[in-house]
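Visitor: Protein chains in written order, with our numbering: chain A, 1 to 503; chain B, 1 to 503.
One or more of the hints may lead you astray.
Note that identical chains are pooled: a pair holds if it fits in a single copy or bridges any two copies.
[Stated by the list, open to error] Below, in silico cross-link-like pairs of lysine-lysine (DSS-like), each with a Cα-Cα straight-line distance of 30 Å or less:
#, residue 1, residue 2
1, K197, K455
2, K9, K131
3, K338, K312
4, K90, K308
5, K446, K101
6, K220, K338
7, K93, K197
Derived by calculation from the structure, the hints in this document are not laboratory data.
Number of protein chains: 2
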Amino acid sequence: MTPYDTFKKKMQRIADLNNTASVLSWDQETYMPELGAEHRSQQQATLAGISHTMSTEKELGELLKKLSGDKTLTAAQQKNVALTLKDYEKRKKYTTEFVEKISQTVSQCFVAWQKAKHENNFSLYAPHLEKLVELKREESEFLGYEKHPYDAQLDMYEPEATTAQLEKLFGGVREKLVAFVNIIRSQPQNGDDFMHKHFPKDKQWDYGIMLLKQMGYDFKAGRQDISSHPFSTSFSPLDVRVTTRMNENDLAEMIWSSIHEGGHALYEQGMPVEEYGLPGAEAISLSIHESQSRLWENNVGRSLNFWKYNFKSLQSTFTDQFKNVTAEDFYKAMNIVKPSLIRTSADELTYHFHVMIRFEIEKALFEKSVNVKELPEMWNTKYKEYLGVDVPSDAQGVLQDIHWSHGSFGYFPTYSLGSFYAAQFYAQAKKEIPGLENEISNGNMKPLLSWLREKVHKHGRHFTSEELCIAITGEKLNFDHFMNYANEKYSHLYKLKPVAAAM
Amino acid sequence: MTPYDTFKKKMQRIADLNNTASVLSWDQETYMPELGAEHRSQQQATLAGISHTMSTEKELGELLKKLSGDKTLTAAQQKNVALTLKDYEKRKKYTTEFVEKISQTVSQCFVAWQKAKHENNFSLYAPHLEKLVELKREESEFLGYEKHPYDAQLDMYEPEATTAQLEKLFGGVREKLVAFVNIIRSQPQNGDDFMHKHFPKDKQWDYGIMLLKQMGYDFKAGRQDISSHPFSTSFSPLDVRVTTRMNENDLAEMIWSSIHEGGHALYEQGMPVEEYGLPGAEAISLSIHESQSRLWENNVGRSLNFWKYNFKSLQSTFTDQFKNVTAEDFYKAMNIVKPSLIRTSADELTYHFHVMIRFEIEKALFEKSVNVKELPEMWNTKYKEYLGVDVPSDAQGVLQDIHWSHGSFGYFPTYSLGSFYAAQFYAQAKKEIPGLENEISNGNMKPLLSWLREKVHKHGRHFTSEELCIAITGEKLNFDHFMNYANEKYSHLYKLKPVAAAM
Numbered sequence: 001m002t003p004y005d006t007f008k009k010k011m012q013r014i015a016d017l018n019n020t021a022s023v024l025s026w027d028q029e030t031y032m033p034e035l036g037a038e039h040r041s042q043q044q045a046t047l048a049g050i051s052h053t054m055s056t057e058k059e060l061g062e063l064l065k066k067l068s069g070d071k072t073l074t075a076a077q078q079k080n081v082a083l084t085l086k087d088y089e090k091r092k093k094y095t096t097e098f099v100e101k102i103s104q105t106v107s108q109c110f111v112a113w114q115k116a117k118h119e120n121n122f123s124l125y126a127p128h129l130e131k132l133v134e135l136k137r138e139e140s141e142f143l144g145y146e147k148h149p150y151d152a153q154l155d156m157y158e159p160e161a162t163t164a165q166l167e168k169l170f171g172g173v174r175e176k177l178v179a180f181v182n183i184i185r186s187q188p189q190n191g192d193d194f195m196h197k198h199f200p201k202d203k204q205w206d207y208g209i210m211l212l213k214q215m216g217y218d219f220k221a222g223r224q225d226i227s228s229h230p231f232s233t234s235f236s237p238l239d240v241r242v243t244t245r246m247n248e249n250d251l252a253e254m255i256w257s258s259i260h261e262g263g264h265a266l267y268e269q270g271m272p273v274e275e276y277g278l279p280g281a282e283a284i285s286l287s288i289h290e291s292q293s294r295l296w297e298n299n300v301g302r303s304l305n306f307w308k309y310n311f312k313s314l315q316s317t318f319t320d321q322f323k324n325v326t327a328e329d330f331y332k333a334m335n336i337v338k339p340s341l342i343r344t345s346a347d348e349l350t351y352h353f354h355v356m357i358r359f360e361i362e363k364a365l366f367e368k369s370v371n372v373k374e375l376p377e378m379w380n381t382k383y384k385e386y387l388g389v390d391v392p393s394d395a396q397g398v399l400q401d402i403h404w405s406h407g408s409f410g411y412f413p414t415y416s417l418g419s420f421y422a423a424q425f426y427a428q429a430k431k432e433i434p435g436l437e438n439e440i441s442n443g444n445m446k447p448l449l450s451w452l453r454e455k456v457h458k459h460g461r462h463f464t465s466e467e468l469c470i471a472i473t474g475e476k477l478n479f480d481h482f483m484n485y486a487n488e489k490y491s492h493l494y495k496l497k498p499v500a501a502a503m
Numbered sequence: 001m002t003p004y005d006t007f008k009k010k011m012q013r014i015a016d017l018n019n020t021a022s023v024l025s026w027d028q029e030t031y032m033p034e035l036g037a038e039h040r041s042q043q044q045a046t047l048a049g050i051s052h053t054m055s056t057e058k059e060l061g062e063l064l065k066k067l068s069g070d071k072t073l074t075a076a077q078q079k080n081v082a083l084t085l086k087d088y089e090k091r092k093k094y095t096t097e098f099v100e101k102i103s104q105t106v107s108q109c110f111v112a113w114q115k116a117k118h119e120n121n122f123s124l125y126a127p128h129l130e131k132l133v134e135l136k137r138e139e140s141e142f143l144g145y146e147k148h149p150y151d152a153q154l155d156m157y158e159p160e161a162t163t164a165q166l167e168k169l170f171g172g173v174r175e176k177l178v179a180f181v182n183i184i185r186s187q188p189q190n191g192d193d194f195m196h197k198h199f200p201k202d203k204q205w206d207y208g209i210m211l212l213k214q215m216g217y218d219f220k221a222g223r224q225d226i227s228s229h230p231f232s233t234s235f236s237p238l239d240v241r242v243t244t245r246m247n248e249n250d251l252a253e254m255i256w257s258s259i260h261e262g263g264h265a266l267y268e269q270g271m272p273v274e275e276y277g278l279p280g281a282e283a284i285s286l287s288i289h290e291s292q293s294r295l296w297e298n299n300v301g302r303s304l305n306f307w308k309y310n311f312k313s314l315q316s317t318f319t320d321q322f323k324n325v326t327a328e329d330f331y332k333a334m335n336i337v338k339p340s341l342i343r344t345s346a347d348e349l350t351y352h353f354h355v356m357i358r359f360e361i362e363k364a365l366f367e368k369s370v371n372v373k374e375l376p377e378m379w380n381t382k383y384k385e386y387l388g389v390d391v392p393s394d395a396q397g398v399l400q401d402i403h404w405s406h407g408s409f410g411y412f413p414t415y416s417l418g419s420f421y422a423a424q425f426y427a428q429a430k431k432e433i434p435g436l437e438n439e440i441s442n443g444n445m446k447p448l449l450s451w452l453r454e455k456v457h458k459h460g461r462h463f464t465s466e467e468l469c470i471a472i473t474g475e476k477l478n479f480d481h482f483m484n485y486a487n488e489k490y491s492h493l494y495k496l497k498p499v500a501a502a503m
């Protein structure tokens with residue numbers, strides 16, 4: 001075995017463990033019986049501990065340093081080595097003590113969050129969250145950052161993103177989006193009553209499977225199951241699973257969560273399997289992952305072209321529910337813009353206000369300008385300011401998301417970045433793929449999927465988010481693409497006067 | 001932490017890994033998509049390698065030796081230490097090289113077996129099986145044995161069992177059972193046409209769930225799924241799963257495989273959860289495990305009393321199928337004795353001939369009096385001799401079982417031992433539990449389950465099979481109990497003259 005092969009073998013073993021941990025999580029969310037939880041968290045902790053030991057072992061570090069100077073390696077191999085060395089050095093900053101402490105704190109915090117949300121009592125959660133925030137601040141210190149302690153948190157989900165960059169980006173978003181949403185909200189609103197009729201689960205299920213197949217999701221290398229919070233997960237590019245949920249009184253939940261998770265899964269299925277265990281078969285960042293799910297969910301799945309093709313089959317599946325409804329009515333219903341309380345059910349425009357609120361709160365937490373006890377007040381004030389809504393309870397307010405209880409700070413911004421990248425990539429796809437929209441309106445998703453495979457999926461994380469964006473579109477992330485998309489779409493939907501394109 | 005706590009913690013971590021491997025296997029048999037297989041076997045191999053390293057590490061050995069002399073430990077703690085030390089010493093005999101070699105060989109052998117069975121071509125399998133048998137013979141040598149190399153194989157599944165003991169036991173079985181089956185076969189035969197009507201899967205499923213609940217299987221600590229070969233598996237006493245299969249043209253498959261696997265699962269659910277990772281929460285042997293499944297499947301599940309209670313609900317579930325059928329007809333149909341080709345569908349009497357044939361072949365393989373190429377001929381000759389059937393193809397003959405392709409030699413005898421232990425335990429239960437049969441005929445399984453919990457489940461493997469048998473029944477395994485059970489049951493079913501009880 002060459003040193004590179006030894007390195008690859010070591011990384012594959014670590015991936016085997018991490019992917020096994022993902023199987024445990026998948027099982028936990030889908031099939032695990034109630035009482036299985038106790039030992040499951042212990043089993044997860046054991047795997048995490050072993051994985052941490054293996055990925056910080058001295059021999060691996062030495063091998064990586066040796067390989068770093070090896071000019072006989074191909075460019076791709078050198079990239080794998082360089083990225084792994086960077087990961088290695090980052091992981092070495094964690095002591096086993098810290099890893100164990102944070103794992104325990106997260107377990108307790110998560111349980112407290114569940115209870116607090118259930119009982120609408122933030123004070124049950126606050127002391128645990130406080131401890132966790134303290135540990136995460138400590139983590140920022142030992143990981144290191146240039147300007148803002150929150151940068152170290154962002155870097156975990158979005159390598160190279162900084163607080164300053166995001167402030168600038170969100171500043172522009174706020175300015176443009178607030179005005180635009182106000183115009184929309186002043187127009188007569190569309191209706192969606194027919195989305196809330198009764199939709200039997202078995203028919204919803206079959207319809208969702210059909211949509212996934214149409215997108216190109218490979219059921220030989222994946223499957224769909226049910227979970228209370230839809231997610232996608234990968235155990236290798238040949239076993240990438242999705243989940244969905246079905247609400248018999250709201251068809252939208254299943255349709256767009258299936259498409260969304262399908263988009264994530266197509267990214268994972270498109271990774272080069274021969275790079276298993278290496279950066280060459282890993283996602284670039286959460287924002288690029290999210291760009292894939294949002295592109296399918298919104299740019300494709302909430303477009304008129306997509307439903308020009310699919311509405312016929314939807315109507316024949318749910319004949320009574322869609323009697324006297326047209327594809328255009330359906331298109332309007334799925335794109336109603338309406339400020340609301342809950343992030344996960346927000347429309348694709350006001351969604352970003354939910355993210356900005358969380359970004360501002362997280363930033364404040366890490367610069368210690370707010371403490372945990374003050375979060376409900378800060379939350380409610382910002383919801384009034386950005387969305388004009390009164391938060392009736394903490395359960396529907398500051399307690400709505402799971403993320404903080406997991407210690408995930410810096411995660412939310414990637415949702416917005418993902419939407420913006422999606423708009424920019426999709427605008428480029430329209431330029432490069434002849435008759436793309438026409439293909440979609442004929443039910444042919446292959447040209448789009450092939451383009452994404454070639455432009456995004458096959459590279460693993462050999463690009464950064466920004467490098468990828470430049471490679472594909474010739475420029476850095478530019479919010480104007482999202483605004484152009486929004487302008488074009490919503491001017492039609494809400495009969496607005498066409499706005500001058502931003503670029 | 002005391003040294004005992006350190007030991008316990010180490011064992012729990014190893015159990016976490018092994019139970020995780022069981023989750024992977026469960027997923028593989030139930031939900032894994034087709035293409036997931038490739039990385040799954042690699043993930044399994046990685047877990048097995050890490051588990052082997054952890055359970056043979058020097059520190060564990062030193063700790064165990066230190067604890068072995070510690071008289072301040074409770075008797076149960078001393079037992080845990082002693083048994084773990086024995087396991088440790090056995091595991092230390094395996095080199096990593098051997099572990100990896102056998103794991104590869106098994107993978108190849110299994111694939112070859114599948115293909116050979118599918119194409120009815122033994123020669124595709126033979127060279128792989130030959131290699132595997134060679135490795136297993138080598139294993140017997142380094143593990144060591146007193147008299148027969150096959151003893152070392154038996155010991156893996158049935159600690160302390162020997163070839164000589166089994167030869168003696170099976171000698172008696174053969175003598176008594178051949179004669180008894182001949183008498184039965186000379187009588188007019190009962191019919192079972194109604195078992196082969198059409199039974200819709202969804203109704204079968206619900207009925208099977210009801211039976212499991214009735215037995216006392218806890219669905220909060222388990223679940224049932226579908227797999228092509230039913231099995232049960234445990235990830236902790238609080239997460240013990242079963243699978244079943246359903247044939248719409250044969251109700252028997254679901255009913256008795258669900259009850260059988262339920263019996264295995266009740267054993268695992270009955271283990272003391274605080275002993276997780278230690279011998280105190282492990283099964284004694286495969287034969288004792290099988291005694292639990294067979295007791296529920298045969299002594300209970302194929303008894304008239306059980307169906308006196310349940311036939312009414314069965315009939316109301318499958319009204320048309322059981323029109324004009326009585327509980328007694330149903331009881332007769334589920335107990336037809338008929339020599340056949342396939343072990344897994346054999347009746348509870350001729351079943352043991354299938355086992356004896358395999359025992360004799362395995363013994364011959366390990367004493368090198370037969371080679372792999374000659375197996376089909378040996379198989380077919382013995383089937384003619386013991387069961388009077390002509391084997392029409394190797395697929396229905398020597399290729400029918402998966403076991404050898406997995407390298408499992410010495411496994412089959414535990415099936416028969418399990419049945420014999422079940423008969424002996426059940427005879428004792430009838431003596432000790434007031435009105436046991438009456439309770440069962442009223443659908444009350446609690447007294448039996450409580451008795452099994454107390455007598456078998458709660459002890460983990462702090463007894464050997466033989467010690468447990470003596471503790472419960474006052475004597476070693478005695479085949480006469482099985483013959484008494486068979487005599488009583490089949491004399492009634494086949495209207496034989498009552499045979500004098502053997503004891």
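Visitor: So, for every hint listed, does it hold in this structure?
Guide: Right, here's what the structure says about each hint:
Taking the shortest Cα distances, K197 and K455 never come within 30 Å of each other, neither inside one copy (40 Å) nor across copies (56 Å). When the C-alpha separation of K9 and K131 is checked against a cutoff of 30 Å, the pair qualifies only between copies, where the shortest distance is 26 Å, while the shortest distance within a copy is 38 Å. Proximity of K338 and K312 under a CA criterion of 30 Å is satisfied intra-copy only: 27 Å inside one chain copy versus 57 Å between copies. Taking the shortest Cα distances, K90 and K308 never come within 30 Å of each other, neither inside one copy (49 Å) nor across copies (68 Å).
In this assembly of identical chains, K446 and K101 lie within 30 Å of each other by CA distance neither inside one copy nor across copies; the values are 47 Å within and 44 Å between. In the homo-oligomer, the alpha carbons of K220 and K338 never lie at most 30 Å apart, since the shortest distance is 39 Å inside one protomer and 41 Å across protomers. Taking identical chains as interchangeable, the C-alpha atoms of K93 and K197 are never at most 30 Å apart, the minima being 54 Å within one chain and 67 Å between chains.
The earlier numbered hints that this structure contradicts are 1, 4, 5, 6 and 7.
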